[in-house]
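Asks: Knowing the structure of chain H, use the given hints to seat chain B on it.
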Amino acid sequence: MMKGLKKWRLLSLLAVLTVFLAGCGQQELSTLLPAGQVGKDQFKLLMLASGIMLLVIIVVVVIYVLALIRFGRKKRGEDFIPEQTEGSQKLELIWTIIPIILITILAVPTVYYTYKLGDVKAMEEVDDDGNAKHLVVDVTAKLYWWEFGYPDLGIVTAQELVVPTDEKVYFNLKAADVKHSFWIPAVGGKLDTNVENLNKFYLTFDQESKDLKDGVFYGKCAELCGPSHSLMDFKVKTLPRDDFNTWVKNMKATADKTEVANADGEEVFKSSCIGCHANSGVGDSGAQGPNLAAFGDRNRVAGFIEHDKEHLKEWIKNPQKLKPGNKMPSFEDQLSDQEIDDLAEYLLGLSVEQ
Amino acid sequence: MSSVAQKRSFGAAFWDWMTTVDHKKIGILYLIGGGFFFVLGGIEAMLIRIQLLQPNNDFVSAGLYNDLITMHGTTMIFLAAMPILFGFMNYIMPLQIGARDVAFPFINSLGFWMFFFGGLFLNISWFLGQVPDAGWTSYASLSIASPGHGIDFYAIGLQIAGGGTLMAGINFLVTIINMRAPGMTYMRMPLFTWTTFVASAMILFAFPPLTVGLFFLTFDRMFGANFFDHTMGGNTIIWEHIFWIFGHPEVYILILPAFGIFSEIFPIFSRKRLFGYPAMVFATVLIGFLGFMVWAHHMFTVGLGPTANAIFAVATMAIAVPTGVKIFNWLLTIWGGSIRVTTPMLYALGFIPSFVMGGVTGVMQGAAPLDYQLHDSYFIVAHFHYVIVGGVVLAILGGLHLYWPKMFGTMLNEALGKITFIFFFVGFHCTFLIQHWLGFWGMPRRVWTYMDGQGWNTANVISSVGALLMAIGVIVLVINIIMTVAKNERIGNDPWGDGRTLEWAIPSPPPFYNFTATPLVRGLDTVWIEKSEGNMTGLTPAEPITDIHMPNGSIIPFLMTFGLFVAGFGAMFHQETSWGLPVLIFGLAWTFVAMAARSLKDDLGFHVTKEQIQRDVDNASKGGRI
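Residue numbers (my numbering), protein chains in the order written: chain H, 49 to 402; chain B, 22 to 647.
Worth double-checking, as some hints may not be accurate.
With the Cβ distance kept under 8 Å, some of the chain H side facing chain B (calculated, not the full set) [what the hints assert, rightly or not]:
(1) Met-101
(2) Ala-115
(3) Gly-120
(4) Ile-129
(5) Pro-130
(6) Ala-155
(7) Asn-179
(8) His-182
(9) Gly-237
(10) His-277
(11) Ser-278
(12) Gln-368
(13) Leu-370
(14) Asn-374
25 Å max Cα-Cα, derived PhoX-like pairs, lysine-lysine [said to hold, decoys possible]:
(15) B:Lys-552 - H:Lys-122
(16) H:Lys-122 - B:Lys-439
(17) B:Lys-643 - H:Lys-123
(18) H:Lys-300 - B:Lys-552
(19) H:Lys-258 - H:Lys-318
(20) H:Lys-216 - H:Lys-258
(21) B:Lys-643 - B:Lys-552
(22) H:Lys-216 - H:Lys-181
Here are some of the chain B residues that sit facing chain H, going by a computed Cβ distance under 8 Å [claimed, not checked]:
(23) Leu-74
(24) Pro-76
(25) Asn-78
(26) Phe-80
(27) Ala-83
(28) Phe-349
(29) Ser-359
(30) Ile-360
(31) Pro-374
(32) Pro-390
(33) Gly-463
(34) Thr-470
Don't read these hints as lab results, they were simulated from the structure. We put the beta carbon where it would ideally sit given N, CA and C, even for glycine.
Bound conformation, chain B alone:
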C-alpha cells in the first residue's frame, strides 16, 4: 500500500478493485454495478414498450411479459436507482464532511458485494427461464401460487441485496454522526449529506420489515410455512402491509438523496447559497418521518374501511407541505442568483417542473375516493415514473455530470451532455404524460396486451416513441463516457468554478486518504467562505500534517458474499435435488469460515507517514498529481 503512482498489471488492478475498502472506489463500483443494472432495466422497459406498441401484439408472450415488468421494476428500484445513489453517497458524503473514510470500511465493501451478488442472483433467473413474475411488489396470493423458482429468485436475491443496503445505511449513519471534521456541526452539513443521513435512517427502519417479509415468503414457498396461505390461517394482506411499510419509505429513500443532489447543483450554478437552509433540513427530516406514516395509501382499494382510508389520505396529503417548501426554496435559490446553464443545471432545471407534476398527481391519489379510480391504472404508472424518473433519474444523471470530474479527474463533454438531456427529457414527458390519460380512459396497469377499439392505440404509440427517445439519450451518454475516458483530459480541483462544499477544495480525483490534513469548518458552504475571504485553496487545516491511519484492503467481503450466493442456490433447489442441501450447508459454512477469518485475524491497517503526505503536497504544488 502506497500512494506512489505505479504502472500495474491488469491482474493487480483487478485484485485491487476486488479487495478495496476505499469509500471512493466502492462508490465507483456502486456506480458501475448500478449502471449495468440500469441498462438492463432499460432494455426490459424497451421490450415492454415494444409489446404495447399496438393492440393484440404478440411480440412477447403473456408469461414473459410478466417476467419483464417484474424484473424491470425490481431491477430499477433495488439494483439501479438505489445503488447508483449509494455510489454518490459513498464517494461524496465523506468528502463533504471532511472525513478520510466511512466509519466501517470493511462493512462498506461487504455491502457492495452483497448488493452485486444479490442482483446477479436475481438476474440468473433469466438463464434458468424461471423468472420472478408477480410484479415488483410480489403480492402474496400470486407469489405463493407462482410456479417454478421465479419468486424464489426474487425472495433470496432481494434478501442478499437488502442485507447489503442495510449495512450501507448503518455505515452512512455512523459516519455522519461520528466522523465530521472539526466545526462541521449538523447545521453546517451540506444538504446532500443531510439527505444521505435521513435516507440512511429510513433504511435502518424500512429494510427490516422487507427482510421479515422476504423471510416469510421464502419459508412459505420453500419449507411449507403458512404465513400467507389463507386456507391454512395465513393472511395475504399481511404481506401487503409488510411490503408497503418498507415500500413507501423506499421511495423517499430514493428521492431524498435526489433532493440532496439538486440542493448542491442549484447553489453551485446560481452562485448563491441555498435559500432557507434550516427549512430545507427540517423539511427533509419531516418527509423522512411522514414517509413511514402513510404506507396504507397503497392499499386504499384493499378494503381497509373508510376510517383507515380517511386517516391515511389526510396523512398522505400532508407530505405535500414539506415537499412544497423544498420546491419553493429551490426556486428562491435561483431567484436573484447568477444562473449558468451547464448540463447538471439543465437536469436540475428539468427536475422542477417534472417533479412538481409527479408530486401533485401523488396528492391526487392521496384523495382516497379518487384513488379508487386511479389505483392500479396507467395513471399510477405515469405518476411514479414522473417521481422516480423526473426526480431520481434526473438527479442521478445530473449528479453524474456534476461529480464525474471530481471522481475521475476528467470532464464529460458538455455538448453531448446537453444532447443526452434533451433526448431524455423530451422522451420522458412523451412517454409518461400521455399515460395519465390512459389511466383515465380505463387502462389497467401491468397488462400484457390490450384489445383494439378501446381508444388506447394512439396514446400507446406516443408512449413507446418517447421510450425510444429516452433510450437514444442514454446511448449518447454512454458514448460521452467512452469518449471522455479515452481523451483523458485532466482538470483541476474545482472544475465548475463555483464549488461551495469541501469536496471541491481537494484534487480531482482525491488522494486515497482524501485530506492531507483534516479541514476546519467555519460555516455552511465552507469552501465558498474560505474563497470569499481570500483563501484560494478553499481549506483551512484543523491540524498539522500527521501520520494517517488507513485500513487494509480485504478479499473477505467478497468471499463472505460468495458463500451466501452459493447458499441461495442450495436453498432454492434443496427440495427437488440431492445436491441442494449440501450446497446450502457448504455456502453458509463458507460464509461462516470467512467471518471467522475476519474475526480471528488482527488487521490493524497501516499508516501513511507524514513525510509521504508532505511529498504528495509538494508534488501537487509543482503541478503533479497526488
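Chain H on its own, in the form it takes in the complex:
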C-alpha cells in the first residue's frame, strides 16, 4: 500500500515534470521532444534524474524555510542562547544513506544506457552477399562545414545529412582540422569528432522530417572550433526507407547528369569552383569544399543562410564576411556579376529530388 502510494507520487511528479520541461522548445531542435530511440532514452534518463533532483531540492527547501520561520532571532529574543548541539549520528547516517540510495537508483539506468548507446558491434555486420547490413555514415567535420560520406553506397554529400527512418544508422566521426562535436539535439546526444581517431556511435530517426517547420532537423557543432563555431550548423533530412533508396539512386545518377539549369553557370563552375567542390554525388569523402551535388535541395546556404539566389550570390561574393575564418576565398573580384548570377542559377538547379 505504502509502496503503491509512493509510486503514484513519483509518477505524478514525473508527469508534472514532463509538462514543465517539455513546455517550450522547437520540434526540429529541442532535446525535450526527442525523435529517435537514443534521444528518447536520454530523455527518460533526464526525467528520472530531474525527478530525483527535484525531490532533493524540495526536501532541502522545506527544511530551510521551516528553520527560517521558526528560529529567527526576533522570535527567540536578543539574549537567547541556543543549545550548542554537537550533532546527531542518527540524522547524519540518514542523510548519508538516503543520497546513496537515490544515487544508486540513478546509477543503474545510467550504466545500462551507457552500454546500450555505446554498442556499435553491429557496424561491421554483413549479409550473405557481403553487403553491409546497416547504413554507416562517415562524418567529417571541417572548418566550418560537415561532410557526410556513405562508403557502402559510394556517394557523398555535405551540410545536409540524409538518413532513412526507423533503423539504426551508424556513424564514423572524425575531424579534418580541429576538434568539433557532432550534435543533433532532437535525435540524440553528441559525440566529439577528434583529429586523431575515429569515434563511432549510432542514432535512430523515428520521425520523418518533412512534417517539421523547415522539413529538416537541426544539427550543431558543440565544440568551440574557431570564430565561426556558432555558424557550423547542418541539417538532417529523414526519409522512409523507400524514399531514401530513391534518393541514393538519384545521387548516384548525378555523375552523368546532362541537363542543367544554366549552362553558362556550369561553365563558371567548371572553371572556378570544381577545384574544391564536386558537382557529382558519387565519390569518396575528403574533398576540400562541400560536395554540391544536390545543392538545390538544401535548406540553407553554408548551413545557416537562407537558401535563395540573393543569399547564395552574397555568399559566393564574400564568404569571409558571413562566416569568418572559413576556407573559401571570396569571388567578388574574380567573377563578374553576370557570372555569379549564372553560377547561382546553376547551383540552385542541382537537384535530385524533383
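Replies: Then chain B, alone, in the frame of chain H:
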C-alpha cells in the same frame, strides 16, 4: 620596523606594500588584485551578454567574441575567484589557528606577485590585439592552430600565475601543519582552516599537471615540439586529460574554501556550533579526494568508450553524498539556533538553494548518457555558474562583508550590503536559470551569435537582463566600499557580537604580530568557550608576553617575478624578433640574480620587544589602537 603609528608619505606606504611579507597585508593585496580582475571579468561577461541579447547581433566580431569568452573564463577562475579566496585564507587562516604569520612569509609575497604579474601578462594581450581565443580550456587542436600570440599569452601568463598558486598552497599547508597554537588540534580547527588545508593539498596535486600541460603547449607553439600535433604522432586528447586532471580538482579548490566561509557564517549568525563538525571535516576531505577521481566526466563525449564512461559516471555521482551531508549539516546548524539575518548571513542563506540547484544538475550530468545531450550546451553554462557563482562568488561576497570589519576595522554598510545582495541574487537566478532550458532547446555553448527562429530569443533577453542586475549589485558594493573607507568609523574586536573563533578575540585590524601572547586553545570555537565561561577577552594566553621574532620586508619577490614577466615577453617574441632572445635571457638572469641575492644575504628578521608589546596592550586597554 616598529608598531608605532606614524604618518608616512605616500612613497613610504607604497614601498611598504611592495615589500610586505605580512600575511595580512598580502591577504589585502590578493583581495585588491583579485577584485580588480573580478571587475575586468565582469565587464567581459557584460559584453558577452550584450552580444547575445538578440539573434544575428554584430556588437562584437566573431573573433573578439572568442577572445571575450576565453578571457572571461580564465580571468574569473585564475585571476579573480582563486586570488580572492587566497586573500581570505591569507588573512584569516593564520589568525584562526593562533599563528603570528604563515610558515614562509617571503614565499607568500612571491606567490602574490607571481599571480599578479601572471594576470597582468595575460591581460596585456588586449593591448597587442592578440588575445587567447581557444576557450579557458584551450583544447589542443584549436589552441595549436590559433594564429598570433593569443595562446602564448595564455600559456605563459598562466604558467607564472600558476607558480604563484602552487607556492601559496604549499605555504598554507605547512602553516597549518606546523604553526597551530598550543591546544589547536586538527579536530579543533575551524572549518575555514580545514577547507584551506584540503584545498591547499589539492593545489599541491592539481597544479603540477597544469604546469606540465602548459609547458607542453608552450613548447609546441614556440619551439615546434609535437606533443599535441597528431600529424607528428602527438595526441590532442592528452591535453584534455591533463587539463581536466587539473581542471576538475580546481573547481573543488574553489568551492571548498567557499564551504569553509559558509561554515563560519552559519554558526556565528545562528549562535550555535556547527552541526556534525567531524562529519563536515570528513566530508571535506572526502570531496577533496574524490575530486581527483572524476576528471573524465568532462570528457564523456570524447569517445572514451562505455566502460570508462560508466566508471566515471558512478564516481562522479558519489561526490553528491559528502556534499549532501554538508548541506544538511548546515541546515541543522541553523535549525534550533537564533538566526540573525545580517548581510553575510543573507549570502549564506542565498547560497543553500542556489548551490543545491547547481549541485543536482552536476549529478544529472554525471549520468553519462544524459550528458551526451547536455555537454557543451547552455545547460553546462547554467550548471557551472550555479556552482561557481551560487557557491564561490556568494561566499566571496558573504566573506567580504563578514571579514571586512576584522580586516579594516570598519563595518560595511548593512543596508547597502542587503541591496547588493538582492540585485546580485535576483540577477544571478534571472541570468542562469533560463540557460538550463536554452541547453535543452539545443543551444550550444560558446556561440558568438545565433540565428533567428530557433526559439532562443526571449530566453537570451531574460539572461542578459539578469546580468545587468548582477552588475548593478556589484556597483552598489563598490559604492559601499568607497563610503565605508571614507567614513572610517572604527569598530571593536567582535563587531558581529557572536564571533566564535580566535580571529574575533583580537583587535580589528589586528596588530602586525597578530597575538600579543600565543593563545591557548581549549576546544572547538575557542572564543565562544572562553566567553561562555566568563572570560570576556575570549583568549587565554599560553605563555607570558615575550619578545616576538618577525621577518623583514623584502622587495626581492617583486623583482624575481618582474624578471619572469620580462622573460615571458622574450620567450613569446624570440622567433620573429631579434630582441626576443636577449630579453628572454635577460629576464631569466634578472630572476636568478634576485634569487642569488636572497640566498646570499642573511636576513634574520627582527624582534618586537616585550616592552613594546606591553605598551601596545596598555594603550589598547585605555581605548587606544594597537
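Asks: Hint by hint, say whether it matches the structure.
Replies: Results of checking the hints against the structure:
Given hint, Met-101 (chain H) at the interface with chain B, holds; its Cβ is 4 Å from that chain's nearest Cβ, closer than 8 Å. The interface hint given for Ala-115 (chain H) holds, since its Cβ lies 5 Å from the closest Cβ of chain B, which is under the 8 Å cut-off. Because the smallest distance between the Cβ of Gly-120 (chain H) and any Cβ of chain B comes to about 5 Å, under 8 Å, the interface hint for this residue holds. With a least beta-carbon distance of about 6 Å to chain B, the hint placing Ile-129 (chain H) at the interface is held under the 8 Å criterion.
A hinted interface residue such as Pro-130 (chain H) counts as satisfied when its beta carbon comes closer than 8 Å to some beta carbon of chain B; here the least separation is about 5 Å, so the hint holds. Given hint, Ala-155 (chain H) at the interface with chain B, holds; its Cβ is 5 Å from that chain's nearest Cβ, closer than 8 Å. Interface hint at Asn-179 (chain H): violated, since its Cβ lies 27 Å from the closest Cβ of chain B, which is beyond the 8 Å cut-off. A hinted interface residue such as His-182 (chain H) counts as satisfied when its beta carbon comes closer than 8 Å to some beta carbon of chain B; here the least separation is about 19 Å, so the hint is violated.
For the restraint placing Gly-237 (chain H) at the interface with chain B, the shortest Cβ-Cβ distance is roughly 2 Å, inside the 8 Å limit, so the hint holds. Hint status for His-277 (chain H): holds, given a least beta-carbon distance of 6 Å to chain B, under 8 Å. Proximity of Ser-278 (chain H) to chain B holds as hinted, the smallest CB-CB distance being about 3 Å (cut-off 8 Å). Taking 8 Å as the C-beta cut-off, the interface hint given for Gln-368 (chain H) is violated, the closest approach to chain B being about 11 Å.
Look at Leu-370 (chain H): its Cβ only gets to about 10 Å from chain B, farther than 8 Å, so that hint breaks. At its closest, the beta carbon of Asn-374 (chain H) sits 11 Å from a beta carbon of chain B; the interface hint therefore is violated under the 8 Å criterion. A distance of roughly 23 Å separates the Cα atoms of Lys-552 (chain B) and Lys-122 (chain H); the hinted pair therefore holds under the 25 Å criterion. Distance restraint check for Lys-122 (chain H) and Lys-439 (chain B): the Cα-Cα separation of roughly 18 Å lies within the 25 Å cut-off, and the hinted pair is therefore satisfied.
The straight-line distance between the Cα atoms of Lys-643 (chain B) and Lys-123 (chain H) is roughly 37 Å, outside the 25 Å bound, and the hint therefore fails. Proximity of Lys-300 (chain H) to Lys-552 (chain B) is assessed by CA-CA distance (about 89 Å); at most 25 Å being required, the pair is judged violated. With a CA separation close to 33 Å, the supplied pair Lys-258 (chain H) and Lys-318 (chain H) exceeds the 25 Å bound. The hinted pair formed by Lys-216 (chain H) and Lys-258 (chain H) meets the criterion: a straight-line CA distance of about 19 Å does not exceed 25 Å.
Restraint check for Lys-643 (chain B) and Lys-552 (chain B): satisfied, since their Cα atoms lie roughly 21 Å apart, inside the 25 Å limit. Using a Cα cut-off of 25 Å, the hinted pair Lys-216 (chain H) and Lys-181 (chain H) holds, with the two alpha carbons roughly 10 Å apart. Below 8 Å, beta-carbon pairs count as interface contacts, and Leu-74 (chain B) has none with chain H, the closest being about 15 Å; its hint is therefore violated. Look at Pro-76 (chain B): its Cβ only gets to about 11 Å from chain H, farther than 8 Å, so that hint breaks.
With its C-beta approaching chain H no nearer than about 11 Å, Asn-78 (chain B) sits outside the 8 Å limit, and its interface hint is violated. With its C-beta approaching chain H no nearer than about 14 Å, Phe-80 (chain B) sits outside the 8 Å limit, and its interface hint is violated. Because the smallest distance between the Cβ of Ala-83 (chain B) and any Cβ of chain H comes to about 4 Å, under 8 Å, the interface hint for this residue holds. Of the supplied interface hints, the one on Phe-349 (chain B) holds, with its beta-carbon coming within about 4 Å of a beta-carbon of chain H, less than 8 Å.
Taking 8 Å as the C-beta contact cut-off toward chain H, the hint placing Ser-359 (chain B) at the interface holds, the least distance being around 5 Å. The interface hint given for Ile-360 (chain B) is met, as the beta carbon of that residue sits about 5 Å from the closest beta carbon of chain H, less than 8 Å. Checking Pro-374 (chain B) against chain H: minimum C-beta separation of about 6 Å stays under 8 Å; hint holds. Hint on Pro-390 (chain B) holds. Least Cβ distance to chain H is approximately 4 Å, under the 8 Å limit.
Because the closest C-beta pair between Gly-463 (chain B) and chain H is about 4 Å apart, less than 8 Å, the hint holds. Restraint check, Thr-470 (chain B) versus chain H: the minimum CB separation of about 6 Å is within 8 Å; hint holds.
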